[in-house]
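There are 2 protein chains.
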Amino acid sequence: MPLIQNNIPEPTLRRLPWYLAYAKLMLQRGETHISSTQIARDIAVDASRVAKDLSYINLQGRTRVGYQIDTLIEVLNEFLGFTHNHHAVLFGVGSLGAALLQDSGLKQFGLDIVAGYDIKYELDGMRINNVPIHHIDAFADLQRKMSVPIGIITVPVDKAQDVANMMVDNGIRAIWNFTPFRIHVPDNIVVQNTSIYAHLAVMFNRLGE
Amino acid sequence: MPLIQNNIPEPTLRRLPWYLAYAKLMLQRGETHISSTQIARDIAVDASRVAKDLSYINLQGRTRVGYQIDTLIEVLNEFLGFTHNHHAVLFGVGSLGAALLQDSGLKQFGLDIVAGYDIKYELDGMRINNVPIHHIDAFADLQRKMSVPIGIITVPVDKAQDVANMMVDNGIRAIWNFTPFRIHVPDNIVVQNTSIYAHLAVMFNRLGE
Numbered sequence: 000m001p002l003i004q005n006n007i008p009e010p011t012l013r014r015l016p017w018y019l020a021y022a023k024l025m026l027q028r029g030e031t032h033i034s035s036t037q038i039a040r041d042i043a044v045d046a047s048r049v050a051k052d053l054s055y056i057n058l059q060g061r062t063r064v065g066y067q068i069d070t071l072i073e074v075l076n077e078f079l080g081f082t083h084n085h086h087a088v089l090f091g092v093g094s095l096g097a098a099l100l101q102d103s104g105l106k107q108f109g110l111d112i113v114a115g116y117d118i119k120y121e122l123d124g125m126r127i128n129n130v131p132i133h134h135i136d137a138f139a140d141l142q143r144k145m146s147v148p149i150g151i152i153t154v155p156v157d158k159a160q161d162v163a164n165m166m167v168d169n170g171i172r173a174i175w176n177f178t179p180f181r182i183h184v185p186d187n188i189v190v191q192n193t194s195i196y197a198h199l200a201v202m203f204n205r206l207g208e
Numbered sequence: 000m001p002l003i004q005n006n007i008p009e010p011t012l013r014r015l016p017w018y019l020a021y022a023k024l025m026l027q028r029g030e031t032h033i034s035s036t037q038i039a040r041d042i043a044v045d046a047s048r049v050a051k052d053l054s055y056i057n058l059q060g061r062t063r064v065g066y067q068i069d070t071l072i073e074v075l076n077e078f079l080g081f082t083h084n085h086h087a088v089l090f091g092v093g094s095l096g097a098a099l100l101q102d103s104g105l106k107q108f109g110l111d112i113v114a115g116y117d118i119k120y121e122l123d124g125m126r127i128n129n130v131p132i133h134h135i136d137a138f139a140d141l142q143r144k145m146s147v148p149i150g151i152i153t154v155p156v157d158k159a160q161d162v163a164n165m166m167v168d169n170g171i172r173a174i175w176n177f178t179p180f181r182i183h184v185p186d187n188i189v190v191q192n193t194s195i196y197a198h199l200a201v202m203f204n205r206l207g208e
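These protein sequence lines map, in sequence, to chains A and B.
Per numbering that gives the first Met the number 0, residue 0 is the first one in the first sequence, and the count goes up by one each step.
Per numbering that gives the first Met the number 0, residue 0 is the first one in the second sequence, and the count goes up by one each step.
Warning: the hint list may mix true and false statements.
Listed next, with one range per pair, are the computed distances between beta-carbon atoms [claimed, not checked]:
#, chain 1, residue 1, chain 2, residue 2, range
1, A, His-83, B, Arg-28, 34 to 42 Å
2, B, Arg-126, A, Val-64, 34 to 42 Å
3, B, Ile-118, A, Lys-106, 31 to 39 Å
4, B, Ala-139, A, Asn-129, 16 to 24 Å
5, A, Glu-77, B, Asp-161, 27 to 35 Å
6, A, Asp-123, B, Ser-47, 19 to 27 Å
7, A, Pro-185, B, Lys-51, 23 to 31 Å
8, A, His-83, B, His-183, 26 to 34 Å
Think about it this way: if two alpha-carbon atoms lie no more than 30 Å apart in a straight line, the pair counts; the simulated DSSO-like pairs of lysine-lysine are [as the list claims (entries may be wrong)]:
#, chain 1, residue 1, chain 2, residue 2
9, B, Lys-51, A, Lys-158
10, A, Lys-106, B, Lys-158
11, B, Lys-158, B, Lys-106
12, B, Lys-119, A, Lys-158
13, A, Lys-158, B, Lys-106
14, B, Lys-158, A, Lys-51
15, A, Lys-23, A, Lys-51
16, B, Lys-23, A, Lys-119
17, A, Lys-106, B, Lys-119
18, B, Lys-158, A, Lys-23
19, B, Lys-106, A, Lys-106
20, B, Lys-144, B, Lys-106
21, A, Lys-144, A, Lys-119
22, A, Lys-51, A, Lys-119
23, A, Lys-144, A, Lys-158
24, B, Lys-158, A, Lys-119
25, A, Lys-106, A, Lys-144
26, B, Lys-51, A, Lys-23
27, A, Lys-119, A, Lys-106
It should be emphasised that the hints constitute simulated quantities derived from the structure, not laboratory data.
No residue lacks a Cβ here, since even glycine has one placed at the ideal position from N, Cα and C.
Please model the entire structure based on the sequences and the hints provided.
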């Protein structure tokens, strides 16, 4: 089980994977130790922020010459939950949903999508990257047996709230919402919004095309 | 051409697609007008923030009963650059890269990936979702002919900086970085970081598993 501290600020949680990626790179390059100053310089984050971020995790590997890289990687991986296998279901096996089912990177980071659901009857019984696809009507029954904690939403915007409601009603405790629709859920439900198309808007604007 | 104002704060640019998604939903439901108060209530953003965000765009559709929805959608779509066709190349046709090539949602939001590049010779000459894949060595020559402005990075972390350098050297002006590595680029290059795995870390932590 990863060491969990629920009081960690979200920006810190989002930066820790940067340090992990950087540490892995340094290990590949044959380094054994890195300091927070070096991390800060190479990834352009303020040094005091790096040190503060890393203070949230229980790091034994700190020496006079900095953090021992292999320990840092191990502790970060575990702390971030990447070594634990988290089951998830995905609703909406369209273009983006099918793409996510095919991304094996998610599994490497601890997310194991165990089923896909869609309203299209013709998808029922298919497998994508070995993940079984079911009709959405089968969800309540299957969920009673499997108690999957995480739900991924890749349905069209106008179905996002209905799907979120169905997830919450059936015991889903965390929702990863890929639609640009802001879903309403009870306070005890964890929501992460990843609207990749919103990033496009920023890029297009800054590009000034 | 979309109306571009480069002084728009990034948080505003990221919220505008929420309003667009919401407006499309209301249109589908047969509504003709929406107020910023209504938007604010339904997507849980402060009403004054919605009004401020929308003040950045040149909206003619405002009446006593709020914004005219069809105008709001049209103006937001154009303002955000979603109606314009932006060419992009993608480096790293692995699991995530291939998944992005297959996501037709990107094209609907104005991003047209015209080529994929990879170091694997066996991928050279393939097509994924009708996008041609080339060996990375062909990039400089092809880029001279095509002058593609946007580069997408889905390579392994240890190759991210090399690929970013190659993109910048060959005239790419905006980089969409899907790796958790913080690339270094000149100040005039636009960078958007979308590390979807970092969102997993937040979700796992909040879920408390």
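Task: Hint numbers not upheld by this structure, sorted from lowest to highest - done: 2, 3, 4, 6, 12, 22, 24 and 26
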